[in-house]
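Those protein sequences? They're chains A and B, same order as listed.
Take the first sequence: its position 195, counting from 1, is numbered 195 in my numbering, and each next residue is one higher.
Take the second sequence: its position 135, counting from 1, is numbered 135 in my numbering, and each next residue is one higher.
No lab work stands behind these hints: they were computed from the structure.
A hint or two may mislead.
Cross-link-like lysine to aspartate or glutamate pairs, in silico, EDC-like; alpha carbons within 20 Å at most [as the list claims (entries may be wrong)]:
(1) A:K103 <-> A:D127
(2) A:K15 <-> A:D42
(3) A:K103 <-> A:D169
(4) B:K440 <-> A:D437
(5) A:K440 <-> B:D8
(6) A:K367 <-> A:E350
Only a predicted model underlies this, so the values are computations on that prediction, with no experimental measurement involved.
Number of protein chains: 2
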Amino acid sequence: MADWQIIDGGLTAPKGFQAAGITAGLKPSGAPDLALVVSDVDAIAAGVFTTSQVRAACVDYCQARLEDKTAARAILCNAGQANACTGQQGWEDAIATANAAAKALGIDANQVLLASTGVIGQRIRLDRLLAGIPNLVAKLSADGSDAAAQAIVTTDLVTKSFALETQIDGRPVRVGGIAKGSGMIHPNMATMLAFITCDAAVSSHLWQEMVGRAANQSFNQITVDGDTSTNDALIALANGESRTPAITAAGPQADKLEAMLTAVCVHLAKCIARDGEGATCLLEVTVTGAPSDAAARKIARTVAGSSLVKSAIFGRDPNWGRIAGAAGRAGIPFDQNNLRIQLGDILLMEQGQPQPFDRLVAHDYLKQQSALSSQAMAAQIFSSTEQGNDLIADTAGSLISRQEAALEALAHPVQIAIAVGAGTGQGVAWGCDLSYDYVKINAEYTT
Amino acid sequence: MADWQIIDGGLTAPKGFQAAGITAGLKPSGAPDLALVVSDVDAIAAGVFTTSQVRAACVDYCQARLEDKTAARAILCNAGQANACTGQQGWEDAIATANAAAKALGIDANQVLLASTGVIGQRIRLDRLLAGIPNLVAKLSADGSDAAAQAIVTTDLVTKSFALETQIDGRPVRVGGIAKGSGMIHPNMATMLAFITCDAAVSSHLWQEMVGRAANQSFNQITVDGDTSTNDALIALANGESRTPAITAAGPQADKLEAMLTAVCVHLAKCIARDGEGATCLLEVTVTGAPSDAAARKIARTVAGSSLVKSAIFGRDPNWGRIAGAAGRAGIPFDQNNLRIQLGDILLMEQGQPQPFDRLVAHDYLKQQSALSSQAMAAQIFSSTEQGNDLIADTAGSLISRQEAALEALAHPVQIAIAVGAGTGQGVAWGCDLSYDYVKINAEYTT
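Chain A extracted, bound-state conformation (with noise of 0.2 Å):
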């Protein structure tokens, strides 16, 4: 039983953290591009990284700064170009907006770490971004989360925020977030931007342990189209402002403090699925009986990443055969006998045979956890829009939070459960439906 509660304020909610987020002219659109992100104090950094042979120049940067220091004050992350595939010049436009972002905070330039995310092979507008960084400083706040937020997404319709708070010592200990992702998305690491703050005192060594498991069981158990990004990164940063004691060994604080952090991360990954390039619904793959944790976790993103049942998910057809023929090549050994699949309620299979099933049922189902869910993804968008949005204006968007908009996209997953045997594994994996706009949207995204 989760012992938290969901409070505001995102990627500032934990203590000692301020935000900020600006357009500094990167985008073409106009749009925020600038995100910063500070600790008041130093903070006990943890990052993972694509998985990726070609790197952006801001993942080779943070890797070496963070095998080099465990602690940082900043996240520095631009939105419109990806500094990928740039070469020496990408790593001394890094280095410069380093230096540039450490010089207005009057910290150490090694206490910045970065991020990037747009075109790949596209340079920073550098003068640009240094000429916005002075703006960018002075918007810092306690408050800053959402322009943060704003600023470091891209194909996203709705920008992603979560945190949590628990009690440590009998007193309060936060971990917030935010993320961007919709496209490009499939596990192998960290498969987008995440960046997490927790005002918990913790030991680096276990920050990353626990950072690294977190994000196995969160953003690398999500597919959106199972391409890797070069520049995916999740960065989490622990400042020990809630001056609750250092954690730092196994226990049931650690286990109690890692299991809030997961909360966080899985709640931002299935932000970025449910926000997957062209997608109308949330689909959550459950999968029991295998080996291993680590086997029923790649049975359930296969079948999530499969294009055929992703292509039936948004024909509203509940073809298990497809579930099944996914499951099947996951590269996972079991007996086809076992095969159980469930969709929502409804058996679909069992001990490897197809189980009669009310067609109609199924396909309702389908519709109606899509609708639910699109309708609150719609109000989701219309609130965060000031002038609102015509097709949206009739749904009854404007009468519930952002907040409770996005918690609501979440709540009607397409739910496939799958048991392969008798095995202790479980692992949960989470997608969207593949349709005609995904295709729209990457047909025409650079030219």
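Fit chain B to the given chain A structure using the hints.
Same frame as chain A, but now just chain B:
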């Protein structure tokens, strides 16, 4: 240098083979749905089958049969019902069909191999299949390849057939084949149905090795949507009716036969990729400079299978960033500073850096390759329908043969050439673009 020539006749081009295809009433559409190929004498049989944990009864049947006995006389294939996830009853149905075919042919049941394709979870309409067997056997002929090729397709737009002839010891030796498949196509085994005939005399051990290696360079190198089927099978029969000396060990003659076998498999594999659901072009990804051929093939497959790359190709967008991104996540280590990417003749990236290129020229290259290939596909469809087709009546379709059109459709691939370093490993993979129609076809398939 290939010292063989393209010949007519497909599956029945090699000596001593007959084939037939009929409508048994298995497909709701009323299209042909039952195929048979028979060797006049015992043939050495080799197979490569799906690696999925969820396998159709026919796959289990063939694997068991081939472990037991490496000779066979016939392959019976039905389309319409996959006979996968049909449990014990499906297994019994498979045996019943083998028995019926054997009886009508006057051979032993264990000389019959089986294949099925169609909707997963559906039993074969056994009464109709059994009722069709006498007619099917009566139709067997040395001209029956096209009829068989027609009877095994499902969502395919065109049939796939090919044959080559070479000389061994001054006598002609032939390899022919037919294939089907257009969705659920992805490396990891044979990934579709393909039946190969050969009139060389070859030892069973050598033949199985040759077929396995040929599959790895052809059918295992194509990807349409990343999904592996429950029914994928490549079955190859060699009956010795060329009366050439038996090939029983490695050497120039074995090499010659294997090269020709591989060429037939590659041709059929490319036909499948080109006919990928919703595809408008054939994508050919060549990788060089990798640590090994297997590593190169893996990178090539990953790029050819990337949804982002495929969407970009459909959008006629020379998005080298996505190509680099996909190459980077293939799981093969390389130094990104050695990465070189070429699209057709256009250099997009060198030493990991984007190169200046004329975006319009690149766009036109993509558009032109697709247009030329699509025109040939249309001609092929036109020439295979008696009534013609309004949509393509104004092309030059009727002026070329179906074989010429099939070759022409493959003659204009979108070529992506990637070099990753100084290694000697090289490999090729084939795929297609990702279009709105892929989603449409797969969102609406069963319900």
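Now the hints, each set against the structure:
1. Distance hint between K103 (chain A) and D127 (chain A) is fulfilled; the C-alpha atoms sit about 16 Å from each other, no more than 20 Å.
2. Proposed proximity of K15 (chain A) and D42 (chain A) is supported: the alpha carbons are some 13 Å apart, at most 20 Å.
3. As the CA atoms of K103 (chain A) and D169 (chain A) are separated by approximately 38 Å, the hinted pair breaks the 20 Å bound.
4. With a C-alpha separation of about 11 Å, the suggested pair K440 (chain B) and D437 (chain A) falls inside the 20 Å cut-off, and the hint holds.
5. With a CA separation close to 41 Å, the supplied pair K440 (chain A) and D8 (chain B) exceeds the 20 Å bound.
6. Between the alpha carbons of K367 (chain A) and E350 (chain A) the distance comes to roughly 24 Å, so the proposed pair goes past 20 Å and is violated.
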